[in-house]
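Colleague: One-letter residues, chain by chain:
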Amino acid sequence: MDQTLIRQIVEAALLAAPQPLTVTQLAGLFPEDEPAPQGSLQQALDELREACADRGVELVEVASGFRFQVKAAVHPWVARLWTERQARYTRATLETLALIAYRQPITRGEIEQIRGVAVSTNTVKLLEEREWVRVVGHRDVPGKPALFGTTKGFLDYFGLRSLDELPPLAELKDIPELEPQLPFDTPAGVAAAAVAQDIAAQSPLEEAGEDAAPEQSS
Amino acid sequence: MDQTLIRQIVEAALLAAPQPLTVTQLAGLFPEDEPAPQGSLQQALDELREACADRGVELVEVASGFRFQVKAAVHPWVARLWTERQARYTRATLETLALIAYRQPITRGEIEQIRGVAVSTNTVKLLEEREWVRVVGHRDVPGKPALFGTTKGFLDYFGLRSLDELPPLAELKDIPELEPQLPFDTPAGVAAAAVAQDIAAQSPLEEAGEDAAPEQSS
Amino acid sequence: MSEPIAQDAARPSHPQQQEMPLAVVKGQPVLQMPQDLYIPPDALEVFLEAFEGPLDLLLYLIRRQNLDILDIPVAEITRQYVDYIGVMQDMRFELAAEYLVMAAILAEIKSRMLLPRPPAEEGTEADPRAELVRRLQEYERYKKAAEDIDQLDRLDRDTALASVHVPDRSAIKAPPPVDLKEMLLALRDVLKRADLYTHHAIRREALSVRQRMGEVLSQLSDRQFHGFETLFTVEEGRLGVVVTFLSILELAKEQLLEIVQEAPLAPIYVKSLAATDDDTALPDPSSDETGADAPAD
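Protein chains in written order, with UniProt numbering: chain S, 1 to 218; chain C, 1 to 218; chain F, 1 to 297.
All the pointers check out, no bait thrown in.
What the simulated footprint calls covered on chain S by chain F, stretch by stretch (three residues with Cβ under 8 angstroms from a Cβ of chain F suffice, anywhere in the stretch; the number is not a length):
(1) 5-16
(2) 57-70
(3) 92-98
(4) 113-123
(5) 159-170
Calculated cross-link-like contacts (lysine-lysine; reagent style DSSO-like; alpha-carbon spacing at most 30 angstroms):
(6) K253/F with K271/F
(7) K152/C with K173/F
(8) K144/F with K152/S
(9) K152/C with K253/F
(10) K152/S with K125/S
(11) K173/S with K110/F
(12) K181/F with K125/C
(13) K144/S with K125/S
(14) K125/C with K192/F
(15) K152/C with K125/C
(16) K253/F with K192/F
(17) K271/F with K125/C
(18) K181/F with K152/C
(19) K144/F with K125/S
(20) K173/F with K125/C
(21) K152/C with K271/F
(22) K173/S with K144/F
(23) K173/F with K71/C
(24) K253/F with K125/C
(25) K181/F with K192/F
(26) K152/C with K192/F
For the record, the hints were derived by calculation from the structure and aren't laboratory data. The beta carbon of each residue, even a glycine, is placed where N, CA and C say it ideally should be.
Can you build the whole structure from these sequences, using the hints too?
Modeller: Right under this line is the structure:
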């Protein structure tokens, strides 16, 4: 079978399928009596990936297979197709997600212990509704709290093939300032300005307090 | 603005949009203070159309705008993404198949005698269409009933080198010990629900690919 | 490449350029962070929303303000935190509780630092700050991890799925999968029933003979006489020859085969008595049936 035809089939299938496709799934497109030759699918994927160099889309591999996606460089223009703003996620949501991703399986109580603050039911529900996390079991302690883990959908959404591709967890940082009798030597005015800048930079106010649903302001 | 970038934006937008886009809609992707130069969008569309010559998709203009679509030439393969499973075979079909396998060559009348019930023409036709059984001759008695036997395709499907590899009938009598491991003894409703779930859960591709050749007229 | 407007529009617009308000509390812009950070009642709301809890606030104070969190006026902070309970009524009380717990922890650490330790325990007692430091460090790690995750290119925000139209959505119909066991179970049921109709009980036989019977019939489908020997394939070995021979005998028994020998030791010829497919113009014996499967079970 012609490699050009195989490449065309793979390209068309990846663009026609509503979800990423694995090499096995791609192989399933070919009838048994005329299968794609050994290695030809991988070759087609390589060729397609290279052919994207100059294009507006790229071929990426995520947890559940290969997919074409819009290049980040042109996405800002493409995003104007959708008038409504994309969901933004609060720090509470992202920190909860991070703890589930890096420490799974983990209970809500354990998340609260590390964050030092209650995790609202809505935060967990939001992550479950997005199908980014799911209950993977229950810890065998009184109350049988649910253990949460991340899903393939989480990896797909963030363009990852596996959890290994998450950014490495930072090293523990020293907290040298935690010494007694350290003078509070920063002038109040300077400190206030620093706080103001920080807060403006991370603009926490506009995303705080709405765990329930990511705002879709437009 | 660079024509390459404009082409990339147009390509990405057409691939990201769920519906065809008009030139006006494409122009709307560019901010007012940095619009796409006069004619550049049409040029981008022309370039993209030409670039599809060797690809599995093509750029076409339809009533509501431009869109990429799967080329008819590769559609037979791509269509296997949406393979539908027909309903499972009835008990009558399976019994008929088993009797043909174990007692070939056998006429329909003989099958009916053993089963104690009539065998419909459709049942046999179904097995013939699947190319699992075929007429190997006709018994030389009044009515010249067809003698059925199994095919090589039957052996291939079940992974047998010869009929000898089917379990001896004597072992079948002891099958109750075998039964608990099998899913078939679940109540019909439960089993059907489980099957339905299976089918819903797994992508159709995973089970595609044993017979129906993609040479489907499109 | 120029920065597209879409990106800019995603950021909230701040109308004032000269001085950004720290926050808006009760409709009034707050331009200056109150000096006693941990106490001001009006700023409480700001903090509760700007920080992800007491650990976050403490980290901030340590990292950015060089504040010695242990050198705070415990009596004062305690009094004011208690005052906040009133303010908290119409706010998120569970958050206030967490800040109060943290204040209590700080107070406890401070008091333990001030009190002379019993000599016996001096060597063994851990620094009361150690646990707090450990928690702060661990929280800081995951706070960073959350920021990292937020930086990942993600669908909808940074990219979108590319897809094309499929002009022909007609699905291919695939026949149902069949498990061998499924078929065997069906057969077992037949056998069980057949036991009731005893004269049709099936006895065990070599299936290879059955298979070969079909093959021999196909070979003879031209209804001509064939040499007996031509039906055997030497390459199959002795077993193959025996299987073929048995199948010929079985076919003869079932009157599907005619075996002819003109004289002793003369060549043997066989001819199929089974009609070929060409004869299918004969009346279909099934025409008198309903055409539907009678219920089997």
